[in-house]
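Just so you know, the sequences run in chain order L and S.
So in this note's numbering, spot 172 of the first sequence is number 511, and the numbers just go up one at a time.
So in this note's numbering, spot 9 of the second sequence is number 266, and the numbers just go up one at a time.
Just so you know, nobody snuck in bad clues.
No more than 20 Å apart at the CA atoms, straight line, and that leaves these computed lysine to aspartate or glutamate pairs for DMTMM-like:
| hint | chain 1 | residue 1 | chain 2 | residue 2 |
| --- | --- | --- | --- | --- |
| 1 | L | Lys451 | S | Glu374 |
| 2 | S | Lys389 | L | Glu456 |
| 3 | S | Lys370 | L | Glu393 |
To be clear, the hints were calculated from the coordinates, so they are not data collected in a lab.
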Amino acid sequence: MSILEVKNIVKNFGKIQVLKGIDFSMEKGEVVAIIGSSGSGKTTLLRCINFLEEADKGQIFVNGQCIYDGESTEKRTPAQIREAQLNFGLVFQSFNLFPQYTALENVTLAPKLLAKERADYKENKKEILDEIEENAKALLARVGLEDRMGSYPCQLSGGQQQRVSIARALALNPKVLFFDEPTSALDPELTGEILRVIRDLANKDVTMVIVTHEIEFARNVADRIIFMADGVVLEDGTPEEVLDHPKNEKTQHFLSSLNH
Amino acid sequence: MNFWNITLSLLEGLEKTCMIFALTLVLALPLGLIISFGSMSKFKPLSYLVKTFVWIIRGVPLMLQVIILFYVPGFILGYPILSRFSSVVAAFVINYACYFSEIYRGGIESISKGQYEAGQVLGMTKTQVFFKIILMQVVKRILAPMANEVITLVKDTALARVIMIVEIIQAAQNFAGYGLMWPLFYTSVFYLAFVGILTLLFSYFEKKLDYYKS
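Take these sequences, add in the hints, and give me the full structure.
Spelled out as structure tokens, the structure:
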């Protein structure tokens, strides 16, 4: 069963249809890269799946269970949206770290708040909080920041901030981790460190969807590449199929424009 | 009427000044936040209503509002419903809450959407996002304009004397009847000390929040 299945997602902004019926699915452990020119709807798709925008139509399934149904007339409660949201993690283009907290606090904040809802929170408070803390430290070490845990975001480079935000997203154990152009806000010499972290996650079978402009990186790290243009999926296949033997003219045009 | 007697009477006046100041601050700070939520409400009728209210309160002189709150209920009902002191405090709280609400609104709206979204995708509730992420950043950003308002409040308390409350200026003016003008000027020493302490306090808060940049 697919860990994530997206069916016929449609999204309009006013009169403009940004997503015109997107379908795709992915398996556990798979890494999917979404490429396409600006305005093709890649980011909007990610935002719809993560419930930062509400899709107008379509369905989203996680492990076969429907977490969003555009046909349903019932209004979903904030609690339901939150529960659905927790299936996923999202790493933003602009990091969006919380400036008043240290790197470690950025990673532990959400898990600590969430732990308060556990039935055994009062009894095992200390163990639960210690475990969250340990887990966060391990995650920060994993992204190479073991010696910057006490630093505030303003004391970190862009690449370090983005690595903290990856650790922050991983702390909630998302079933699928989404990246929205994770290196676009970074200087070229800093993108390498982010790509290394993502590659490392891919090797550890973290299920990921990466919206990116780094075509060579997509080729190296992704199991599958989706090419989007004008709100539709034009290609969906292995890196070789999509990048070396594109079927669609628009894909060919997009890829050749990158080589100039 | 030597220097010490006069200082003592002025200190009695200062006590009233301090009480109006403290009560206004304690009540108007949270009320302002509630009003700012009203003016930012997505429910248009509410936001228009609140914005109109803020316009009226900021538009009418505070001195008039003090007079209205004290005398008008009396005219209509035939008896006053608020004591002199509580009508002053009520007028000040409402007035300052409206000014604070606009400062809060400016601060809250200056926080980037990404901060809310980051909290949201981490499964935080709206309340958690506001209190754990947004509020502290807002406080840092609005500290300087808030200091301005709070300092203005210290001196606005002198308006209380329009309904015969003997705050420090009125206490000094009472001596003018005996031909003594200097107590009036002497009050500025107390104001300066008061504002000096507040200035130190605010710069302490600013330093406290200086550990991060947003």
